[in-house]
Every structure is written in C-alpha cells, then in structure tokens.
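Fit chain B to the given chain A structure using the hints.
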Amino acid sequence: MSQESGLDKALRELDPTTRREFFRRAAALGITATAANTLFLRNPLIVTAAPSAKQGGMVRVMGHQEVASLSPDDDEPSVQWVMVTQIHNALLEVNEYLVIEKVLAENYTVAKDGLQYTFKLRQGVKWHDGSEFTADDVKYTYEYYMNPANAANKAIRFANVAKVDTPDKSTVVVTMKEPFAPFLVITATEFILNAKYHSRVGEKAYKSRPMGTGPFKLRDWRPAEYTIVDAFDQHFRGRPKIDAFREDVVPEASVRAIALRSGASDSATWPLLAEDNLRFETDPHYVVFRTSSTGVNHFPINNRLPQLADKRVRQAMMHAIDRQRLIDDVFKGTAIIAHSIYPPSMRPWYDRGVKTYAYDQARARSLLEEAGWRMGPGNVRVKDGQRLSFTCAVITGDRARRPEAEIVQQDLAAVGIEMRIVERPVASILAQLSKGELDASLFNWTYNSGATEPDPQSTLKTGGVRNFAGYSNPRMDDLLAQGLREVDVKKRAKIYSEVQKIFVEDVPVLYVMYWDWFNVFTKRIKGLPTKPEEAFAIYRNAYKWWIE
Amino acid sequence: MQRYIAVRLAQGLVVILLVSIGTFVMLHVIPGDPVSLMIGQAPASQEQIDLIRKKWGLDRPLPEQYVTWVGRMLLGDFGQSVVRSGMPVRTMIAEAASVTITLNLIAFVISILIAVPAGLFAAVRRYSAFDYAVMVGTTVGVALPNFWIGLMLIVIFSLVLRWLPPFGLGSWQGYVLPVTVIVVGQLALLARLMRSATLDNLGEDFVRTARAKGLRESGVVIRHVVRNALLPIVTVIGYRLAFILSGTIVVETVFAVPGLGMLFVESVNRVDYQVVQAIVMVLSILVILGNLATDLVYGLIDPRIRIG
Chain A
233 MSQESGLDKA LRELDPTTRR EFFRRAAALG ITATAANTLF LRNPLIVTAA
283 PSAKQGGMVR VMGHQEVASL SPDDDEPSVQ WVMVTQIHNA LLEVNEYLVI
333 EKVLAENYTV AKDGLQYTFK LRQGVKWHDG SEFTADDVKY TYEYYMNPAN
383 AANKAIRFAN VAKVDTPDKS TVVVTMKEPF APFLVITATE FILNAKYHSR
433 VGEKAYKSRP MGTGPFKLRD WRPAEYTIVD AFDQHFRGRP KIDAFREDVV
483 PEASVRAIAL RSGASDSATW PLLAEDNLRF ETDPHYVVFR TSSTGVNHFP
533 INNRLPQLAD KRVRQAMMHA IDRQRLIDDV FKGTAIIAHS IYPPSMRPWY
583 DRGVKTYAYD QARARSLLEE AGWRMGPGNV RVKDGQRLSF TCAVITGDRA
633 RRPEAEIVQQ DLAAVGIEMR IVERPVASIL AQLSKGELDA SLFNWTYNSG
683 ATEPDPQSTL KTGGVRNFAG YSNPRMDDLL AQGLREVDVK KRAKIYSEVQ
733 KIFVEDVPVL YVMYWDWFNV FTKRIKGLPT KPEEAFAIYR NAYKWWIE
Chain B
410 MQRYIAVRLA QGLVVILLVS IGTFVMLHVI PGDPVSLMIG QAPASQEQID
460 LIRKKWGLDR PLPEQYVTWV GRMLLGDFGQ SVVRSGMPVR TMIAEAASVT
510 ITLNLIAFVI SILIAVPAGL FAAVRRYSAF DYAVMVGTTV GVALPNFWIG
560 LMLIVIFSLV LRWLPPFGLG SWQGYVLPVT VIVVGQLALL ARLMRSATLD
610 NLGEDFVRTA RAKGLRESGV VIRHVVRNAL LPIVTVIGYR LAFILSGTIV
660 VETVFAVPGL GMLFVESVNR VDYQVVQAIV MVLSILVILG NLATDLVYGL
710 IDPRIRIG
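For the record, the sequence lines run as chains A and B.
For the first sequence, the working numbering assigns the number 233 to the initial residue and increments by one for each residue that follows.
For the second sequence, the working numbering assigns the number 410 to the initial residue and increments by one for each residue that follows.
In isolation and in its complexed conformation, chain A is listed as follows (with noise of 0.2 Å):
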C-alpha cells in the first residue's frame, strides 16, 4: 500500500475534525509533516462538515449557574464564556486540540524581538447589524482593556502593550513595552468588540446587548434562566446549520442528568456527579468526552507557619498521602495523581522528569525526624515546643471535598501529623488564605494560565495575589520574570521546566490531583470533535454542528 493511499484511508475515517487531529493521525502512519500538509490542503473534508449534514434545529445545553453577562470582559466564568463565544469572534482562537485558530486574523508576524505583533485581518467579516470588520474595532478593543478608567476585567493582558497602529483598514500592528510570551495564546485571543456600538452604548449595556461578528446574534438573555442565540446568516464562515444555541441554567447536577436522559437537553457543559459521568461514559446513546482540568485539586498550607516552614516537613506529607485512595475512593477514578503544576496534557510545557511523591509513609517519618519532629503526646510530633498540628478550612457544604480532607487527616495522623478540619465560606478562603489568616484550605485552582500557557505568576510569585501559600523563592521569582519575556518556545519550555523542579522539591502547596472532566452530548449532535483536549473549547464550535 502506497502512502498516499494509507493517507486517503485515513482521512475516509475521520470524522469532520481539525488539522491537528489529521496530524497526529498522518504521524501514526508515519508520513512526514510536508507530506501531510500537501495532502491536507488537497482533501478540505476534514475541515467542512459532511454534505448530509442537516440544517435547523436548536441545540441546548445546560450550565450550572446564572449567565451575569454577556460582554467579553466578563468571560471568565465557563457558562459565561460558553455563550460570550457564540457571539464574538478574536483575532485568534484556541481550539479545543490546544491549536491556535486564525479567526479574525487571515495571517500573523512576530517581530523577533517579540516587540511587534502584525496582524493581517480577514476580509469580508461581517457584525451582526451588517457593517464591516475593520482594523479600527481591534484598535479599539485593545485600548479600551488598556485604559485604567475603565477598570476592565482584563486588562492585566493588556498590560504589556504600548500602542496598537492600524496602517490600513485591514492591518493591525501591536508594539509591546517588553516582550511579553504568552500574547498570541492570552491577549491576541480575547474577543473583539465593534467600536462604533460599544463606544456608543456603553459597557454596562453591552453586558446584556452584545453584538459581534459570532456565528449566533442574540435573540434573549434572562440571566437566572436560559440564554437563546440565534444563527447569523451573514457570518464569515457561513450560516450555522443549527438555527438556534439555548444554555439553561440548572444548579442541581443529579437534575441535569435526568435532562440527558429524558433529552430536554443535548450537553451539560458543568460535569455532572461522578456516578452519572461514568454511567453515560458506557450508554452508547451519549458521546463523552474525558479531558484533564488544568487546575490542580491541591491543599494550599501557609509556609509561613513555624510548623510548616520546613520544606522537608511539606514533603514528608506528600509522602504520607495516599493519593490513588483518594482518587479510587472518592472520585471514582475520574482523576489523575497530580507531579507538577501542569498535567501531563499540558504538552509541551509538563516535564515528565520531575520528581514524584510516592506513598510512602516510612519514608515521611523519616523525613519528619530529620527535620527534627519528635512524637509528642497525643501521637502529635512535636518540636521546640511546637506542635505539629494545622487547621484545614474546606468550603463549607463542599460534599465532593470534604471526604477527602477526612481522608488526609487520617492519612497524616498516621504520621504524627494533626490537621483539624473547619468549614468556611469560599469567598472567606480566598481573601484571608493569601493574606495568611488561615492555616490551610482545600480547592482546585490552576497554577498556570490555562491549558496553553505555563505562566503561574499569580499563584508562584513573591506577593502574587493569589499566592495562597505565602511561598517566596527568588529563583522562582527570577524564573518566572524570564519566562514571560522568552518568546522561544524551546528556552521556555526549559525555564518552566526549572519552575517544576523548583517546586516539587519546595512543596509550597500539598497537590494531589487533577480531576477529569467530562462533557455530556446526546448521540443527536453531530460534528463533534473526536478526542478534544480541553473541555470548554468544544462548545465554541457549535457553529459546526448539526442535529440528526
């Protein structure tokens, strides 16, 4: 057998799915990447749905909270952002294999130096009232998120932007103070907004009548209820097949399940409880897609406690964890042991040589006596006068958590380690945890900047504001610095590669695991992707579905 022929046999399998997807399949069957893309570009079925696709129809999906609003500045909560992205289109696009999309863009160059980003926009874009996408909504975008009087949601991304010039009416060029690495994944993605309406109406009013160049208008927002779309016939890449995009509101996960199964609903974009994960996982009326979370499930511990202040003392708990237990006992196994602030799906930047934590109680006792920790009464070590012993603040009525932490604190009791167990309100953790008035808390957060880009400033960094552990180490810090500047892929992977070493060996925070997270689809949604890696992303192709 040929290639070329092997090839054609291939793409025949695939469903309607991206390039990405085709090139891992090419490199399976051994084709060079050159050969691939020829032959990529000679065979557009892979990117256009097939010619039986039906038109019509509306799909529905639910969330598990209120849609507060609709303007991309307000993006970050998921249900949010699932419906902000029907309507808005960036200059580019991370989709759900973790790829770069050119949306608005048709091309882009980065200036070596990574001072200058030239854009070149694609032509024909349509808003939604039917006026034309031009080089000045880009400048716009980019300089309302700039400017401090606004006060926007996202303009830390902006931060490093000097000026934005628009030489002509489809070419934007961005000039940057300093280098700044992760712009094309976090800044150049953030959706565009029309100048003339948004200057117009206002930020306020936008929240709840937005209007993009998205392949769906909106049709009706009741914030506490539903959110209804509806298909734009003048969108660039073409009419939707669906007509219409509905996401509910539905709080309770066990009543989103009876939704799927008495098909009131097509998706659940919030994962349902573990059990019906995995009961639709095996039901061959449902597609289930089984992705990694970037945020680690992890104990934030306050490094600046005496107890807690030796390194040696936060590795010997790693070790005293029995981490698959937990998973096994409490999650199901719809999760995976966490060795670095990136799970391994976070390719390129997870380094799988870092050093990992066995469950080895033996080896955590030794560590604690080294460190000087001696059994005390109580079976509590003790030190100086000092005991052992920590106060862990779990979310109050957190039912998935709090079986966890019980199971930890028996897991460290056997090492001579206390940790009591109190419950507080979320919003409490995270104010007073950064600021040191709590011992510990229990929650999943990311230690990067989502699935594509490393960066944990926030979390890592001296004084970063949701540095919950109070950890300072000033090669991190350096290190940290470096890699936003470091435009090179290869230099930076090697400088995130040090930041894991760093903190495996430093624990600032006790990490355990990274839950698996599951997207629901009835069988009657077609032109889903074959194996997306993040979770969200899968939602803004909607525009590619249609309903059999």
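Worth flagging that the hints you see were computed from the coordinates, not collected in a lab.
Ideal placement from N, C-alpha and C gives every residue a C-beta, glycine not left out.
It cannot be assumed that every hint is accurate.
Pairs of lysine-lysine residues, derived as DSS-like cross-links and limited to a Cα-Cα distance of at most 27 Å, are as follows [unchecked claim]:
no. : chain 1 : residue 1 : chain 2 : residue 2
1   : B       : Lys-622   : A       : Lys-693
2   : A       : Lys-733   : A       : Lys-693
3   : A       : Lys-763   : A       : Lys-286
4   : A       : Lys-587   : A       : Lys-758
5   : A       : Lys-395   : B       : Lys-622
6   : A       : Lys-755   : A       : Lys-564
7   : B       : Lys-463   : A       : Lys-395
8   : B       : Lys-464   : A       : Lys-436
9   : A       : Lys-726   : A       : Lys-758
10  : A       : Lys-334   : A       : Lys-667
11  : A       : Lys-667   : B       : Lys-463
12  : A       : Lys-693   : A       : Lys-543
13  : A       : Lys-371   : B       : Lys-463
14  : A       : Lys-758   : A       : Lys-286
15  : A       : Lys-358   : A       : Lys-409
16  : A       : Lys-436   : B       : Lys-463
17  : A       : Lys-693   : A       : Lys-587
18  : A       : Lys-755   : A       : Lys-733
19  : A       : Lys-723   : A       : Lys-409
20  : A       : Lys-722   : A       : Lys-693
21  : A       : Lys-587   : A       : Lys-723
22  : A       : Lys-395   : A       : Lys-334
23  : B       : Lys-622   : A       : Lys-667
24  : A       : Lys-371   : A       : Lys-428
25  : A       : Lys-286   : A       : Lys-352
26  : A       : Lys-344   : A       : Lys-401
27  : A       : Lys-334   : A       : Lys-722
28  : A       : Lys-371   : B       : Lys-464
29  : A       : Lys-615   : A       : Lys-334
30  : B       : Lys-464   : A       : Lys-428
Rough simulated footprint, nothing fancy, chain B against chain A, three-plus residues with beta-carbon under 8 Å [said to hold, decoys possible]:
no. : segment
31  : 294-302
32  : 434-446
33  : 646-654
34  : 725-737
Just chain B now, kept in the frame of chain A:
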C-alpha cells in the same frame, strides 16, 4: 385606628433602620471580596483589583459606603450588583420576586383550598378513616425533605413517564412539579393546624350553646366553628408572607426556578453586597407590613379583638 396604624408604621421604620445597619455591618465584617471572587482564576495583579474595587466604591470607608447606600435607597435606587453588573438590583429583585410570588401564590391557594376543608372534616369526623388518612398523610408530608420529593417527582414524571419537563418554567407544565412540592409541604402544616383549631373550638361553650338552641351540626360548624378556627390560619398566612418570598430556595434550586430565594443564596455566596442588602430590606419591610396586616385582619374575623 389610624393612630394605631401610624404608630405601628413608625415603629416599623425604626426596625428597618436597625436591620439595615445590622445587615450592612454583618456583610462587611465577614471576610471576602466580590471583586476577588469575580476575577476567579484569571491572571490578575493587585493594582488591577484595586482599580476594580475603586470602580465599585469598595475602597471608600465603611460609614461612607453605608450612608451612600441608604441615601440611594431612600430615592428608590437599590444599587448595583458587582456580578450581574449590567442590570440595576431593583430589576433583578423585581424579576426574581415575580417568579417566586407566582409560584407561591398558586401553591398557597391550592394548599388552602385543600387544607382547610380537609382539616375541618378530619376534626368533625375525628378518629374516622379520613381523619387517620389526613394525619398520616400530613406526617409523611412534613417528614419527607422537599429536596427528595422534588427529585423523586422529576424521576417519575420527567424521566419515566416523560409527561413534564425536568426543570424550568417555560410552559404551564413546568409549574406542576414545583407547585406540587410546595403544596405537599404547606398542606401538612395547614391541614394539621386547621384540624387542631377546629377540635379546640368544638369543645368551647359557644358550641354547646349553639347546639342547645337547636342549630343543626352543619350550621354549628359552618357558622361558628370555622370562623374561629380560621384565626390561627390567618396568623400563619401573615407570617408566611415574607417566607413566601424567600422560603422556597430548595425548590427553586432543584427545579432551576430563577426566583428570589436562589438569587439571595447565590448573592450571599458571592458577597454581592448590594443585592443581599436590598433583598434583606425588601423582606424586612414585608414582614413588618405582613404583621400589621395580620393584626388588622384579626379585627375583621373576630370582632372581640379591638384595635385602637
């Protein structure tokens, strides 16, 4: 009478002022910050957070924030939510309250229509099969958590029979299950109350007198007993007026009903100061007016109670 109402209203104003101070202080003493919560896990710097706090006036001293808030409140401006920032709090409350009120009024009318006759009949035919059925039924109704009843109803009617939608109030069918759950809970309370009040009255002297003067039993019950037995029911209705607006949080959560209870709980969780404060204010005003109305209605039902 008018003087009485004026005095009660003046007392009410003092109570509302105290409630406003209490709510404000309590909310601001709890550690937590809506801005920090809103930014979530996105990258952020301290300067940026400070800028956003300033935008919302959260950087001002607390007494100043309080005065600004009360001042606006007096002008009918309930303030601004930090989370749902594109909409005034007044609109948020009005939308959520109308949903909750509709749901609860339907449930309340149905409950009373069933509970009053059922309780009355159970008392008149004490120790009959019907009486036992009412007692057992209401005991079960009180004992079962409404959360569980809600989920079971969804399983039966949405999943197995597929007659009704599992969530939402998009159509009249959507109201059936949430209303049923609320009715089950209230029915138990009201029917038992009606039954015991009727029993109490049946043992009274005026009943013996009425019977002695030759009234038929049905006349005794309808003309004399019912009117007196309704008094405690009216008290409960008065009390429940505020509860009606905030007391169906669980039902709202299970059936994804965008009501006031859910708005309140969510706003407390995300420390959305102005929303929580405004809801507490609205509820306390309603409690005060509800109590006043209850006292006035007493006078109408029972002429022995004189107001003034």
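Okay, the hints, checked on the actual structure:
no.	hint	in the structure
1	Lys-622(B) x Lys-693(A)	91 Å, violated
2	Lys-733(A) x Lys-693(A)	15 Å, holds
3	Lys-763(A) x Lys-286(A)	23 Å, holds
4	Lys-587(A) x Lys-758(A)	43 Å, violated
5	Lys-395(A) x Lys-622(B)	98 Å, violated
6	Lys-755(A) x Lys-564(A)	25 Å, holds
7	Lys-463(B) x Lys-395(A)	26 Å, holds
8	Lys-464(B) x Lys-436(A)	12 Å, holds
9	Lys-726(A) x Lys-758(A)	41 Å, violated
10	Lys-334(A) x Lys-667(A)	41 Å, violated
11	Lys-667(A) x Lys-463(B)	20 Å, holds
12	Lys-693(A) x Lys-543(A)	17 Å, holds
13	Lys-371(A) x Lys-463(B)	26 Å, holds
14	Lys-758(A) x Lys-286(A)	9 Å, holds
15	Lys-358(A) x Lys-409(A)	32 Å, violated
16	Lys-436(A) x Lys-463(B)	16 Å, holds
17	Lys-693(A) x Lys-587(A)	21 Å, holds
18	Lys-755(A) x Lys-733(A)	44 Å, violated
19	Lys-723(A) x Lys-409(A)	21 Å, holds
20	Lys-722(A) x Lys-693(A)	22 Å, holds
21	Lys-587(A) x Lys-723(A)	21 Å, holds
22	Lys-395(A) x Lys-334(A)	22 Å, holds
23	Lys-622(B) x Lys-667(A)	80 Å, violated
24	Lys-371(A) x Lys-428(A)	12 Å, holds
25	Lys-286(A) x Lys-352(A)	34 Å, violated
26	Lys-344(A) x Lys-401(A)	25 Å, holds
27	Lys-334(A) x Lys-722(A)	22 Å, holds
28	Lys-371(A) x Lys-464(B)	24 Å, holds
29	Lys-615(A) x Lys-334(A)	59 Å, violated
30	Lys-464(B) x Lys-428(A)	24 Å, holds
31	294-302	holds (count 4)
32	434-446	holds (count 5)
33	646-654	violated (count 0)
34	725-737	violated (count 0)
When the structure is compared with the earlier hints, violations turn up for hints 1, 4, 5, 9, 10, 15, 18, 23, 25, 29, 33 and 34 and for no others.
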